[in-house]
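Those protein sequences? They're chains W and C, same order as listed.
Mind the numbering: the first sequence is residues 1 to 78 in the numbering used here, read in order.
Mind the numbering: the second sequence is residues 1 to 537 in the numbering used here, read in order.
To be clear, the hints were calculated from the coordinates, so they are not data collected in a lab.
Be aware that a few hints might be false.
[As the list claims (entries may be wrong)] Using C-beta positions, here's what the derived DEER-type ranges look like:
#	chain 1	residue 1	chain 2	residue 2	range
1	C	K317	W	S5	38 to 44 Å
2	W	G51	C	P35	26 to 32 Å
3	C	R310	W	G51	21 to 27 Å
[What the hints assert, rightly or not] With a straight-line cut-off of 20 Å between C-alpha atoms, the simulated SDA-like cross-links for lysine to any residue are:
#	chain 1	residue 1	chain 2	residue 2
4	W	K12	C	P475
5	C	K525	C	N472
6	W	K12	C	A535
7	C	K493	W	E47
8	C	K489	W	D31
9	W	K12	C	N472
[As the list claims (entries may be wrong)] Footprint (simulated), chain W over chain C, 3 or more residues, beta carbon under 8 Å:
#	region
10	10–17
11	175–189
12	329–335
13	415–428
All residues carry an ideal CB built from backbone N, CA and C; glycine is no exception.
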Amino acid sequence: MWDNSFEEILRKNLPLLEPEDEITADLSLRDHGLDSMGMVATLSALESAYGVRFVDDALGLDNFATPATLWKTLSDMR
Amino acid sequence: MEGWRMSPNGARPARAHASVDNLRTYLLAAAATTPDRPAVVQVAAGGGLETITYGELERRTDRYAAGLDALGLDVGDRVILESDTDADAVALLLACATLGLPFVPVSPEAPDERLLTVVDTAEPALYVQSVRGRRDGVPEPVGTARFGPDGLTVERPPAPRVRRRRTVTPVDTAYITFTSGTTGRPKGVVMSHRGVIAFLRGAQAAELITPEDRVASTAPLQFDFALFDIGFTLSHGAALVPVPRDRLNWPRRYLSYLREAGVTQVDSVPSAWRPALQHEPGLLAELAEEGALRSIVFTGENFPLDELRRLQELWPKVRFINGYGATETMAASITEVPNPLPPETERLSIGHAVAGAEMTLVAPDGTPVDEPGVLGEIYLRTPSLFSGYWRDPEATRAVVVPDPLDPGSAQLVFKTGDLASVGPEGELYFHGRADSQVQIRGNRVELGEVERRIAQVPGVTGAVAMLLPRENDDPWLHAFVTHAPDGPKPSTKDVIAFCRAGLPGYMVPHRLHTVDEFPLTVNGKVDRAVLTALATS
C-alpha cells in the first residue's frame, strides 16, 4: 500500500476528485481529471519526492491508469 | 467496380491540368527536381528513424490515387481521413487532392460520437483509417477503407454514384476541417486548392526555411496547424518530422526525439513548451546548444510572456516566430519576435499580413481605426479566403463581408472576430476575441458548444463554461451547472463522462461547480465575475 506523500501528489493532480472522495487502488485517474499535463506534473513530483528517475519505458499511459499501476511502476524503480 | 456510372463529361478520371494550382502539384514539386531529398522523417515500424524521399512520397501518392480512382468517386466527394500525421497520411491526402476529393482530417483520439457527428454532417463517400486504426461503426452508405504499406484496402465500397466532372479546378475544395461551433455542432471550414496555395505562397515570401531544414510537426492532423506544417515544409522541399503523440506528452521523450531526428524548426502551440520549461529546462538548453534547433514557430494562442522570456534565456540564438490567423484563411501573419524580447514589451506584435494579404482594423461602426492604441476588429483581405462554412450560408455571410474600405467594389473580405490595436509602424497587437471563442492549448473552442453539451445531461437545467487562468500553469475550463430543485445534484463523474463521450479532450471541463442559480448582473446577464470568484475561492 502507498504512503501519504503519494496520495497527496495524486490529489493535487486530480481536479475532479472531491475532497471527501477516497483514493482507491483502481480509481480511474483519467476520469478524475489527470490529463497529459497532469501526468507530467505528477511524474516530476514523484521523482523529486522519491529520488527516482522514470526510465523511458515507464513513461506510458498504462502506468498512469490507476493509483495501483502507478504505485507499482514507482515501487519497481526504487 | 460495379454500380457506378459516368456522364459523358465524366468519362475519364478527373485530374488538374499541370498549369493550375492543385495541392498535390504544389507540394510534390520537389519530387521532380530533388526526388532523393527527404520529404518525411519518421519513426519506422520496427523502431528507429526512417526517411521517405520526395520520389517515394510521390509513388505512394500515385498508388493511393489509383486505389481511390477505382472507386468511381467524383470531384467534390468527401473522404474522411482519420490518422495521425505520417508519410502515408500525407500521401493519402495528396492522392485525394490529385483526384479533387476533399479530405476531412479527423483525430484517432476523437470520441466515436464526435466522429459520427462529422460523418453525419460531411456526408462523405469514403472513410479511411490507417491499417493500425481501431475505429468501427462507421454507418452505411459510407464506404470504408484502410491505408498502409500495401496501399489502399477497401473494406466496404462506397455507394454507387454518377461521375460528372472531368477536371480538378483550383476553386475545387482541397479540404474541410471541423472546428468548434456555437450551435453545438462542429463547424466545417471549406478551403479550396487556390486558397491554401495562396497562403503558402505568401508564407514562402518570409523565407523562413530552406530545403535543408527539418520541421517538427506537433499538432494533430484535424487541427489545420498540421496542414500548415505539411504545406509549408513540402512547398520548401524541406523534411517534415511528425512527432508521435506518445512522445509529445512526455518532455523527456519529446526533446530526445527532436534531437535524434535532427530537427531545425519546431512548430507547436505555446503551451506545448510549458511542461518541458517547468520540468526539463536543462534538456531544453541542450537542444539548441548541442542539437540542430534554429527556430520555433508558435500559433493558436497567446504565448505567456514570462514563459517566452524564460525560453529565450535558454535559447539566445534561436529565432522565435509568431504565427497568427484563423482556419478560415489558413493563417494571416508570420512575425519574428525579437530575441531577447525588450523588457518593456507587454504584448507580442502580430505584425503585418503575409505577402499578398492585408489586415485592416475596423471600429464597431464600420469606420477604419487609424489612431494607435484604439481597439478595432481585424478584417483580412486575402486570396486564401475560405469558400465558406459547410452547409451554413448564414454563418458564412456573417464573416465574409463587403470590403469596409470600399463597400461598392463587390470585393469580399474576412471579418475575423479578433480584436487588435495598431502600433506606430502599422503593426497590429492582438487583444482577444469579440465573441466567446477561447483558445485551449491552441485549439479554438466555442464555450457555447461546451455549455450545450452539458445542458443535455439529465437533471441539468443550465450550464455556463468559462476558461480561467491559473498562476504559472495551464488555464482550466470550468463548468457551472444548475439543476432541477427537486432533482439530485448532477454527479461530476457523469457530467464529465458525458462530455468526454461527445467532445474532443481539450473541450472537457477540468472543474465542475454546481450552483442553485446563476448570479445575474443588473443587465440580466450571467455575472461571470461572481462565478470566477466562486471558482477561485
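Against the structure, the hints come out as follows:
Distance hint check: the CB atoms of K317 (chain C) and S5 (chain W) are about 41 Å apart, consistent with the given range 38 to 44 Å. Distance hint check for G51 (chain W) and P35 (chain C): the Cβ-Cβ separation is about 53 Å, which falls outside the suggested range of 26 to 32 Å. Distance hint for R310 (chain C) and G51 (chain W): a CB-CB separation of about 26 Å, consistent with the stated range 21 to 27 Å. Of the supplied pair hints, the one linking K12 (chain W) and P475 (chain C) holds, its CA atoms being roughly 15 Å apart against a limit of 20 Å.
Between K525 (chain C) and N472 (chain C), the direct Cα distance comes to roughly 31 Å. Violation of the 20 Å bound is thereby established for this hinted pair. For the hint pairing K12 (chain W) with A535 (chain C), the CA-to-CA distance comes to about 16 Å; that is within 20 Å, so the pair holds. The hinted pair formed by K493 (chain C) and E47 (chain W) fails the criterion: a straight-line CA distance of about 29 Å is larger than 20 Å. The straight-line distance between the Cα atoms of K489 (chain C) and D31 (chain W) is roughly 19 Å, inside the 20 Å bound, and the hint therefore holds.
Proximity of K12 (chain W) to N472 (chain C) is assessed by CA-CA distance (about 15 Å); at most 20 Å being required, the pair is judged to hold. Residues of the region 10–17 of chain C with a Cβ under 8 Å from some Cβ of chain W number 0, which does not satisfy the need for three, so the listed coverage is violated. Given as covered by chain W, the region 175–189 of chain C fails the check, having 0 residues with a CB less than 8 Å from a CB of that chain where 3 are the minimum. Chain W is given as covering the region 329–335 of chain C, and this is violated because 0 residues of the stretch bring a CB closer than 8 Å to a CB of that chain, at least three being needed.
With 0 residues having a beta carbon nearer than 8 Å to a beta carbon of chain W, the region 415–428 of chain C misses the requirement of three or more and the stated coverage is violated.
When the structure is compared with the earlier hints, violations turn up for hints 2, 5, 7, 10, 11, 12, 13 and for no others.
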